[in-house]
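Asks: Residue numbers (the working numbering), protein chains in the order written: chain A, 1 to 354; chain B, 355 to 708.
Rather than coming from a laboratory, the hints here were simulated on the basis of the structure.
Don't take each hint at face value.
With a straight-line cut-off of 25 Å between C-alpha atoms, the simulated DSS-like cross-links for lysine-lysine are [what the hints assert, rightly or not]:
id : chain 1 : residue 1 : chain 2 : residue 2
1  : A       : K127      : A       : K100
2  : B       : K454      : A       : K223
3  : A       : K207      : B       : K577
4  : B       : K395      : A       : K318
5  : A       : K223      : B       : K457
6  : B       : K601      : A       : K3
What the simulated footprint calls covered on chain B by chain A, stretch by stretch (three residues with Cβ under 8 Å from a Cβ of chain A suffice, anywhere in the stretch; the number is not a length) [what the hints assert, rightly or not]:
id : segment
7  : 358 to 367
8  : 418 to 426
9  : 450 to 463
10 : 576 to 588
11 : 594 to 608
If you anchor each label on the Cβ, the simulated ranges turn out as follows [said to hold, decoys possible]:
id : chain 1 : residue 1 : chain 2 : residue 2 : range
12 : A       : R260      : B       : G381      : 51 to 61 Å
13 : B       : V466      : A       : S211      : 13 to 23 Å
14 : B       : E654      : A       : K48       : 27 to 37 Å
15 : B       : V466      : A       : K41       : 34 to 44 Å
A virtual CB, placed ideally from N, CA and C, is assigned to each residue, including glycine.
Number of protein chains: 2
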Amino acid sequence: MKKYNFNAGPAILPREVIDGTMYAVNGYDGLSLMEISHRSKEFGGILKDTVSLFRELLDVPYGYSVIFLGGGASLQFCMVPYNLLETRAAYLNTGSWAKKAMKEAKFFGDVVEVASSEDSDYTFIPKDYAIPTDVDYFHVTTNNTIFGTELFTDIYSPVPLVADMSSDIFSRPVDVGKYGLIYGGVQKNLGTAGLAFVVVRDDILGKVSRSIPTMLDYGTHIKAGSLYNTPPVVPIYSVFKNLEWIKSVGGVGEINARNRRKAALLYDAIDASRIFRGTASVGDRSLMNVCFVMKDEYKELEGRFADYVSARGVVGIKGHRSVGGFRASLYNALPEEYVGVLVSLMKESEREVA
Amino acid sequence: MKKYNFNAGPAILPREVIDGTMYAVNGYDGLSLMEISHRSKEFGGILKDTVSLFRELLDVPYGYSVIFLGGGASLQFCMVPYNLLETRAAYLNTGSWAKKAMKEAKFFGDVVEVASSEDSDYTFIPKDYAIPTDVDYFHVTTNNTIFGTELFTDIYSPVPLVADMSSDIFSRPVDVGKYGLIYGGVQKNLGTAGLAFVVVRDDILGKVSRSIPTMLDYGTHIKAGSLYNTPPVVPIYSVFKNLEWIKSVGGVGEINARNRRKAALLYDAIDASRIFRGTASVGDRSLMNVCFVMKDEYKELEGRFADYVSARGVVGIKGHRSVGGFRASLYNALPEEYVGVLVSLMKESEREVA
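Isolated chain A, as found in the complex (with noise of 0.2 Å):
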């Protein structure tokens, strides 16, 4: 049965990322990929094209370096303040990975929350709040995969930026140098889960007076070109297979021109139905993770939907264990075509309960 991805990360990748890295891993000028050396030329060009298509497509600036590392975006959730948290940092607390981010730099030094919307269960983002300027950085992070909201503006800030751009990095073009650092995940929008990127202001590195272990000092990694010690080589290939599609579909100007599309779709079809609503604030509405219910008098219904839509090959849409509902993530890999296909399914149900 055709299946339709709507997981929410490890996610949907394109075929191509698929494939290329399948031939990779059976055999890549006679040896596996995942049998040659980090260092050889071959995996060194590997690496230095994925680094240079990252720079191209997402346009980062002279003056920032671009770094893979293993592990995820929970370790940056340290990494970041250790390298730059000197006295005290602020935070936007917009969602569950917001506070896990807070929570971890509080082991640094002092957090200030500027504002948060918890109290209304993260519906939406928080814009009614300054930006301290006695801090070492501002944390946001651009999307909530839990809630579904997006933060879609390149903030000013008066002190460095650091965005956790995990599940929305290369979905819209993005001011780099509005931003200290921005890192993230591979899993959701990049390729196999294992590696996250950074991108990262040179100057605003090599402040902080404590010392920093050699694994967690961004210098480190980038002083090495990401070659400090054996790095995740199969993800970063998938990371290289999915940037040569993007830059083959038209860069990240159409990746978000569809994006964009594909929410539409979705949203439009439940604000017109009888039975389904969203559960962010409109305006703050994600593009990558939509979140909608069913209406509170058809509560019930929820399980005979969801093995509706799963015996049609519809895979992921469970909302997180902590929210319930419904979530279809439609990232950059995200045929439209799947979009309609869920909006139908919606429909016939909604026709089933009339």
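Chain A is fixed; fit chain B onto it per the hints.
Replies: For chain B alone, coordinates are given in the frame of chain A:
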């Protein structure tokens, strides 16, 4: 051309591991392994089976946890002292990796170097030392990839024994009960890069007074069964396939018998050679990494020999950039036949010189 892969890591893997990973990347129940949720029952089953095979094949006793973590052994160099070092720790300095591990421990407390072979270019493993009893743990590197020495004894230690077994894990039976903690990167004898394993006796954890960032705390990953955050899905799968392979050929005992035969074949050829000589002290010769050079009078022929074997499909026998010469890595997956090929080429070279 047929390739004979003697790479030091990432290194040769059994064809069953490459094929199995390739098939899973292509499609696992209709979706690529790279696209399924780490919380799906499919991946949950894989992770559970991986841990369970690991425990079975290494004979891990009750009271020990087995976890898989993103990144490699280098991150463990700092996680070990983060979790275990309260005041001071003892290290055996047997090579570059041991020294790097010591360097990270110094960020967290005092480090006692109980013995070192650095002055002799790490050609042997020091044996004449006493393990202090007033330290939090004693750290050894069981196999020194760069210098070709190996510690085969599961030594008795009055304090928790911590071992980096990155390059000889599953190459021989280990008396796990003698260790407090065993860790390593997987990319030499277990799978594709980007993953570390940790085997830890539960009762040695939770004793340091410092606060530990969530991701760097072994307790986090033990409690969450290696699913606190998104784990490196493909590397874990490759380890799973490798453990299946180890079991299928007869387990660690059989693997060890093969490794002994392979190493004996190559060391015997080196010892019988007029033009080559081994660099490691005979009693400490590694079964995993065989380091050799050309005798002084033939030194200028090293480049010619490298070209000669390379033209015949031999890959990865250049010595580490810090020591030069040659290194043939004979990890578990390397067929005995490959050693025969290398030995023949060495003998042919010798005849040419004569």
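Asks: None of the hints should be skipped; say for each whether it holds.
Replies: Going through the hints against the structure:
{"no.": "1", "hint": "A:K127 x A:K100", "result": "holds, 20 Å"}
{"no.": "2", "hint": "B:K454 x A:K223", "result": "holds, 17 Å"}
{"no.": "3", "hint": "A:K207 x B:K577", "result": "violated, 35 Å"}
{"no.": "4", "hint": "B:K395 x A:K318", "result": "holds, 14 Å"}
{"no.": "5", "hint": "A:K223 x B:K457", "result": "holds, 18 Å"}
{"no.": "6", "hint": "B:K601 x A:K3", "result": "violated, 34 Å"}
{"no.": "7", "hint": "358 to 367", "result": "holds (count 8)"}
{"no.": "8", "hint": "418 to 426", "result": "holds (count 4)"}
{"no.": "9", "hint": "450 to 463", "result": "holds (count 4)"}
{"no.": "10", "hint": "576 to 588", "result": "holds (count 7)"}
{"no.": "11", "hint": "594 to 608", "result": "violated (count 0)"}
{"no.": "12", "hint": "A:R260 x B:G381: 51 to 61 Å", "result": "violated, 30 Å"}
{"no.": "13", "hint": "B:V466 x A:S211: 13 to 23 Å", "result": "holds, 20 Å"}
{"no.": "14", "hint": "B:E654 x A:K48: 27 to 37 Å", "result": "holds, 33 Å"}
{"no.": "15", "hint": "B:V466 x A:K41: 34 to 44 Å", "result": "holds, 42 Å"}
Of the numbered hints stated above, those contradicted by the structure are hints 3, 6, 11, 12, listed in ascending order.
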